[in-house]
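There are 6 protein chains.
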Amino acid sequence: MTTRGLLIGRFQPFHNGHARLVREIVDAVDELVFGIGSAGDSHTITNPFTAGERIMMATKSIESMPVDTTVYTVPIEDLNRNAVWVSHVESISPRFDIAYSNNPLVIQLFTEAGVEVRQTPMFDRDVLKGTEIRRRMIEGSDWQSKVPDAVCEIVDEIDGIERIQRLSR
Amino acid sequence: MTTRGLLIGRFQPFHNGHARLVREIVDAVDELVFGIGSAGDSHTITNPFTAGERIMMATKSIESMPVDTTVYTVPIEDLNRNAVWVSHVESISPRFDIAYSNNPLVIQLFTEAGVEVRQTPMFDRDVLKGTEIRRRMIEGSDWQSKVPDAVCEIVDEIDGIERIQRLSR
Amino acid sequence: MTTRGLLIGRFQPFHNGHARLVREIVDAVDELVFGIGSAGDSHTITNPFTAGERIMMATKSIESMPVDTTVYTVPIEDLNRNAVWVSHVESISPRFDIAYSNNPLVIQLFTEAGVEVRQTPMFDRDVLKGTEIRRRMIEGSDWQSKVPDAVCEIVDEIDGIERIQRLSR
Amino acid sequence: MTTRGLLIGRFQPFHNGHARLVREIVDAVDELVFGIGSAGDSHTITNPFTAGERIMMATKSIESMPVDTTVYTVPIEDLNRNAVWVSHVESISPRFDIAYSNNPLVIQLFTEAGVEVRQTPMFDRDVLKGTEIRRRMIEGSDWQSKVPDAVCEIVDEIDGIERIQRLSR
Amino acid sequence: MTTRGLLIGRFQPFHNGHARLVREIVDAVDELVFGIGSAGDSHTITNPFTAGERIMMATKSIESMPVDTTVYTVPIEDLNRNAVWVSHVESISPRFDIAYSNNPLVIQLFTEAGVEVRQTPMFDRDVLKGTEIRRRMIEGSDWQSKVPDAVCEIVDEIDGIERIQRLSR
Amino acid sequence: MTTRGLLIGRFQPFHNGHARLVREIVDAVDELVFGIGSAGDSHTITNPFTAGERIMMATKSIESMPVDTTVYTVPIEDLNRNAVWVSHVESISPRFDIAYSNNPLVIQLFTEAGVEVRQTPMFDRDVLKGTEIRRRMIEGSDWQSKVPDAVCEIVDEIDGIERIQRLSR
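Line order of the protein sequences matches chains A, B, C, D, E and F.
So for the first sequence, our numbering puts the first residue at 1; every next one is plus one.
So for the second sequence, our numbering puts the first residue at 1; every next one is plus one.
So for the third sequence, our numbering puts the first residue at 1; every next one is plus one.
So for the fourth sequence, our numbering puts the first residue at 1; every next one is plus one.
So for the fifth sequence, our numbering puts the first residue at 1; every next one is plus one.
So for the sixth sequence, our numbering puts the first residue at 1; every next one is plus one.
It should be emphasised that the hints constitute simulated quantities derived from the structure, not laboratory data.
None of the values given here were measured: they were computed from a predicted structure.
The beta carbon of each residue, even a glycine, is placed where N, CA and C say it ideally should be.
It is possible that some hints are incorrect.
[What the hints assert, rightly or not] Derived DSS-like pairs: lysine-lysine, alpha-carbon spacing no greater than 25 angstroms straight-line:
hint	chain 1	residue 1	chain 2	residue 2
1	D	Lys60	E	Lys60
2	E	Lys146	E	Lys129
3	B	Lys60	A	Lys60
4	B	Lys146	B	Lys129
5	B	Lys129	B	Lys60
6	A	Lys60	A	Lys129
7	C	Lys60	F	Lys60
8	B	Lys60	B	Lys146
9	D	Lys60	D	Lys129
[To be verified] Simulated coverage check for chain E against chain D, where a stretch passes if three residues somewhere in it have a Cβ under 8 angstroms from a Cβ of chain D:
hint	region
10	63-74
11	89-98
12	125-135
Work out the full structure, taking the sequences as your base and the hints as a guide.
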């Protein structure tokens, strides 16, 4: 039977660490569900991009990678009810067997619900994390080399740097 | 520049009429956003399947079709505020240029927002519509020949017939 | 002390019956709160106009009437919790002493909360009611003579007839 | 280990059929969770009483019965997301082992979640159902003999008959 | 007529200070409504336990106390609208005459609504408060002696210590 | 055609800086929409007053000013979805041509939606801002000279100082 893995994150933005993670996970599962958390948030300093923009970033980046696996991108809105969050994710996502996360709350909620959770390796964590990349976007220093080319193009198309810089004032 | 079309429906379930529609639209656009409406609804007679189940139905069916186009599947929850619905769709979806729909409300809302709308052709409309297929599922007559094979497999895997039959009592 | 009256309705659209009602009420109170119910609803056959459009209709119509009274227009969103509805209205509205309504639910809720309710007279009720005026808008027969001139202008400006006719298909 | 049963209903109002059901269930379980559904609804013809009023009706009625079992009364608000409803109930209620219901949707949702469901016997179903008792309240015919004395007292205290009669106009 | 008191808190978890408070209040009123606030919150460091778990803690603890009074346990979800909060509580709770609280917001809201509020005495406040008990749970020092035995058993049954410790990482 | 300006703020409370701003804007536009943000918030230290109270403050203050312009006061509830916020405002407000704001998020959202935004001048900004006026209300020092007389009267009528002082404890 098909083994399906769920990778949950906010992906603000999708960066090279996520890309590498995807490559690792698709080796371990048959199909990947790419769950985009806090889907309703956008236009803030910590969540600058809309769910639609993040779906494009992930889809275009993964398309350019040597990955054959079926990948589902699923935006997941916050419910603000931790106790029903697993059901919420399960209802909006294709059925999955393994959840990938390093977030203590996510791990606890899936574990209580009987879902297998695997922690994910970190790659070059000083730079390859959303906070750092958004800081560089705001300050105008190099962020482009830390994300797939497709992400650069999308940020450019939506005037994303102007957006995050204005929001940071 | 990439032309992207948005096809919105509830897809309860995805059937051969939808499959044919997808084939027509991908000839006219570069990329297709497959918007699954009323994403939060499930387990009723008119909306038996969850968004996750419908994402699987659409993705698997389209994968088995001779379609190269990038297809995004996007679940869209109801907001119950018609006046903000277009913004809601735009925020959760990759940017699109054309919306495909025959629903008067959807046409009106997109038109007021300045989005181009194209009506979609109907194929064998007596049989190829959700109401009729769900009626057959409830009554136990042939629905399998009206949907792609992938949909049959998914309905089977989730015990979908038992679900809709029980709900109809 | 100032006596303030609250008139609650959906005003889809504001018509000559409402106008006459306003003239009666402003004789009995010092100030009028004009509460626009179901403020979040729009673009349906029974609720075609947005709250903003209805605020304009009421304000412009009352401005053209010989009324000196201070009039507050207050959009009131539905809460779908009858038991907290009075508090909801009281929090969004200037304090009021008397509520005007013929709706049994509204009367019951205000009465239980200890608010004085007065029923309102009806004027030429066969024609001067929202259902009838919307029917005429859809069918293309005379509705213009049943509403203040300001309402005609606003409906015209927003292409309101095209909207309701399309929604009715 | 303690066996706990969950009985879910709207209890608009609690009547002799419910009372008899409680007596049957407490023979089969160690503890009873009395789940009051649609807790946010009130002041309509089908849901005239608030959750607080229904908690009093149930608690007072069960107190007057020869029942030693611990009974928890738990108001359960509607979520309008069937797919997360079981989690919602589980989070707001003490843990339970068996759910009692005759409602096809409730049975289906608990069954899919792996919770044991038992159907409940019906007693004198022509009369002992909410619809019939509310009809009698509206028409002014005998409803008092169909509910526990405690319910009569509470309906009297809150002017419940006046409420439902006015709402029915 | 029955005098009913409402005690509102989050009870994360129910501890010996709450137990002593209950004993004091039941001397002053005929019946007690035990209102469990922020009922929808759980699985965070400040709100680790679900409403259902807290209902069990309170009910089991009070059952083991020499208290004859009828006690209603009522979970109360946050509304995030302070101005309607009193109505919300009143609709979900049996009618009450006196509210017990030391929270300035709760005192203000009930006072504006004309409900009598009584402040509650504090017992051994350095230790007997939720923050301190949760700190001890996280650090692994003695919390068991600060709560009723029933609470120990429930925390044990639900693996509550593992939950709060993981969430605190 | 009528030029309409939208001024958005929380107005906690309406003060002399707002009054002066209104006078400037009405020179530049034909009509003014006075948008009261965070309309659902009240009874906190940063948002002490309800939407209804703020509507009264603004209406009464503007009535006492030499302003002929039609002014609409529109309470705007938060949606917590930045990406649909502009649509939300547009649906609840009369159509407007220019938005006045100094808030970076508001500027960004309107700019992305193609609405012209003008920044507003600041007057005596050390004192004439909500934070400072609320601080004075809490501390009992002079705030009265910083707001229109109408605001003093309304704060007095609703016992507003007692409210904010109690909430600050």
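To see whether the hints hold, each was checked on the structure:
no.: 1; hint: D:Lys60 with E:Lys60; in the structure: holds (19 angstroms)
no.: 2; hint: E:Lys146 with E:Lys129; in the structure: holds (9 angstroms)
no.: 3; hint: B:Lys60 with A:Lys60; in the structure: holds (19 angstroms)
no.: 4; hint: B:Lys146 with B:Lys129; in the structure: holds (9 angstroms)
no.: 5; hint: B:Lys129 with B:Lys60; in the structure: holds (19 angstroms)
no.: 6; hint: A:Lys60 with A:Lys129; in the structure: holds (19 angstroms)
no.: 7; hint: C:Lys60 with F:Lys60; in the structure: holds (19 angstroms)
no.: 8; hint: B:Lys60 with B:Lys146; in the structure: holds (16 angstroms)
no.: 9; hint: D:Lys60 with D:Lys129; in the structure: holds (19 angstroms)
no.: 10; hint: 63-74; in the structure: holds (count 5)
no.: 11; hint: 89-98; in the structure: holds (count 6)
no.: 12; hint: 125-135; in the structure: violated (count 0)
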